[in-house]
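Trainee: Using the hints, position chain S against chain V.
There are 2 protein chains.
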Amino acid sequence: MKRVAILGPGLLGGSIALALRGSPGVEVGMWARRAEAVEEARKLSVADLVSERLEVVVQDADTVVLCMPVGAMAGVVSKILPFLKPDALVTDVGSVKQPVTQALAPVLQGRALFVGSHPMAGSEKAGLIHARADLFRGATCIVTPEPNETASVAVSRATEFWESLGSRVRLLSPARHDEVCALISHVPHLAAAALVNTVAQQLPSAFDFFGPGFRDTTRVAGGLPQMWTEILSENRGEVLKGLRALISQLEVAAGALENLSTVGEKQSQGCSLSYQKLSAFLSAAKDCRDTLRVG
Amino acid sequence: MKRVAILGPGLLGGSIALALRGSPGVEVGMWARRAEAVEEARKLSVADLVSERLEVVVQDADTVVLCMPVGAMAGVVSKILPFLKPDALVTDVGSVKQPVTQALAPVLQGRALFVGSHPMAGSEKAGLIHARADLFRGATCIVTPEPNETASVAVSRATEFWESLGSRVRLLSPARHDEVCALISHVPHLAAAALVNTVAQQLPSAFDFFGPGFRDTTRVAGGLPQMWTEILSENRGEVLKGLRALISQLEVAAGALENLSTVGEKQSQGCSLSYQKLSAFLSAAKDCRDTLRVG
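Heads up: the sequence lines are chains V and S, in that order. Residue numbers are given in the working numbering: position 237 of the first sequence equals residue 237, and the series is strictly consecutive. Residue numbers are given in the working numbering: position 202 of the second sequence equals residue 202, and the series is strictly consecutive.
Please note: incorrect hints may appear among the correct ones.
Each pair may be met inside one copy or between any two copies, as identical chains are not told apart.
As the list claims (entries may be wrong) - Calculated lysine to aspartate or glutamate pairs in the EDC-like style (CA-CA distance at most 16 Å, straight line):
#1 Lys277 / Asp290
#2 Lys43 / Glu55
#3 Lys125 / Asp290
#4 Lys2 / Asp62
#5 Lys85 / Asp216
#6 Lys85 / Asp60
#7 Lys2 / Glu251
#8 Lys125 / Asp287
#9 Lys241 / Glu258
#10 Lys2 / Glu27
#11 Lys2 / Asp87
#12 Lys2 / Glu160
In short, the hints are calculated from the structure, not lab data.
The following block holds chain V by itself, in its conformation from the complex:
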């Protein structure tokens, strides 16, 4: 019998539990901090065992998955240290990997196997109530070994775990992971929120006229502010770098539009250098986006 301990009963923890439910030879334990959360998890029968006592859930576990906010992980790990089996695999589902790895890897060194994970699944809907057994099916999970540090057996066991939930696993160092996610997720999130705030500030009545373009461009702005503030703040170095690059790109477009205004109508638009610059800006984006394999 293999035992999996899921610490934290949110969307991700709940979905892992549901995905494992009924797997032959697997027993799932779930820990929740609040008594009401324990009640809810029991009512929904998401795991074989649900408890608010960490030691009950963690002892004898072969795999421990940290599914709480990134900032709470170090505190929980210090509490479970005495109960961990020495060959247990500890991993997590945090969206930012450098701070997590820096906080947990030294503490777990010699006490258990550790490697970080980031299952790229989830949604703007949070909480156990939205958990789904198929949340990870077909999703990419990034596993983040530290070069020359992380034991290869930790990587292979984490890979096996996520593949058993139907995910495709890819490896990145924690630092590269955070750089990638800043660019494809954290900065776009800020851009979506900034677009909504811009309309609200400039002309709220314009919201009455939005169409599918605005709807899609700003969809992620509906995400949980509490969770996203933590993610952005934990990854602030990379997010800032990406945000500065985005602002520079917008300044390129603004510069071209400003020149078009001052050059005025005299020059034919087709010949104007600024017109060509704006067109090149849009063409580069289109060419690049057209190559993405979109679902």
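Mentor: Using the frame of chain V, we list chain S on its own:
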């Protein structure tokens, strides 16, 4: 028999023709500039009459719809002036309304009825080949009379025309229309293109890891650069104003992240003013977006 003349065989012109095809008592004529476009429109039987001669299509028309790029409209209108019935309604489908109205209203004054229209339908797929009879069904069409200038009969006839295609009509002045569209469409388009260009510039390999969030946030960047350069450039005053406001919003977020970095780890994040500022930024956007009726 009512006659509708559609000038320009693109996605919008073609879709209007298909929507009207077979309507009892309506005869549809289509003009295309290029011989190959005339051939294609005839092959697809989109209209009762297809010609590259403007006078053939426009004479006897009760409604004339300009479906070419905004920059080409004035030239076409000057050519059709001699053939217009004095009670013909002339309208257009351009995405920017102040330049169109300023260029066309004075010329058509006393020669025909004119009011601008902006059917908010379309897609990143252009051309007659993507035209659909139901493109306008359920869509909003903004009709843009000039206050104290446009004849009310022009407004009522344009309204009736778009409603006959299944659209909901709303009225805005040309100036207000351009302000609204800058905020909900033109600036978001630039933001989407800038996000793609940022990733391409900073770390192209990050594209390999994009998920549904990035896909949706950047979808509109796949739009036709030629068309969008014209739209942005025609509406450059309002787009610049909105773009500056967007950059200010992004600077607010960047400022908060910068403070978090310099304040450092000593202060608890929960208490930090910058943390609260970032959280308020995201909460404002979420609260606002959650109120939008999204399809």
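Trainee: As a check of your reading, is Lys85 near Asp60 (CA-CA no more than 16 Å) within one copy, between copies, both or neither?
Mentor: within (6 Å within a copy, 88 Å between copies)
Trainee: When no copy is specified for Lys277 and Asp290, does a C-alpha distance of 16 Å or less occur within a copy, between copies, both, or neither?
Mentor: neither (20 Å within a copy, 36 Å between copies)
Trainee: Please sort Lys2 with Glu27 into within, between, both or neither, judging by C-alpha distance up to 16 Å.
Mentor: within (6 Å within a copy, 74 Å between copies)
Trainee: Within a copy, between copies, both or neither: where do Lys2 and Glu251 come within 16 Å Cα-Cα?
Mentor: neither (55 Å within a copy, 50 Å between copies)
Trainee: If the cut is 16 Å between Cα atoms, do Lys2 and Glu160 qualify within a copy, between copies, both or neither?
Mentor: Answer is within; shortest intra-copy Cα gap is 13 Å, inter-copy 69 Å.
Trainee: With 16 Å as the alpha-carbon cut-off, assign the pair Lys125 and Asp287 to within, between, both or neither.
Mentor: Between copies only: 14 Å across, 32 Å inside.
Trainee: Measure nothing new, just compare the shortest in-copy and cross-copy C-alpha distances for Lys2 and Asp87 to 16 Å and report within, between, both or neither.
Mentor: within (13 Å within a copy, 82 Å between copies)
Trainee: With identical chains, the pair Lys241 and Glu258 could be close in the same copy or across copies; at 16 Å between alpha carbons, which is it: within, between, both, or neither?
Mentor: So Lys241 and Glu258 pass the 16 Å test across copies only (10 Å; inside, 25 Å).
Trainee: For Lys2 vs Asp62, is the C-alpha pair at or below 16 Å within one copy, between two copies, both, or neither?
Mentor: Intra 6 Å, inter 78 Å, cutoff 16 Å: intra-copy only.
Trainee: With identical chains treated as interchangeable, where does the CA-CA distance between Lys43 and Glu55 reach 16 Å or less: within a copy, between copies, both, or neither?
Mentor: neither (22 Å within a copy, 75 Å between copies)
Trainee: I want to check one pair: Lys125 and Asp290. Are their C-alpha atoms no more than 16 Å apart within a copy, between two copies, both, or neither?
Mentor: Result: close only across copies, 12 Å inter versus 29 Å intra.
Trainee: Checking an output row: Lys85 and Asp216, CA cutoff 16 Å. Within, between, both or neither?
Mentor: Result: close neither inside a copy nor across copies, 46 Å intra and 43 Å inter.
Checked against the numbered hints above, the structure violates hints 1, 2, 5, 7; every other hint is satisfied.
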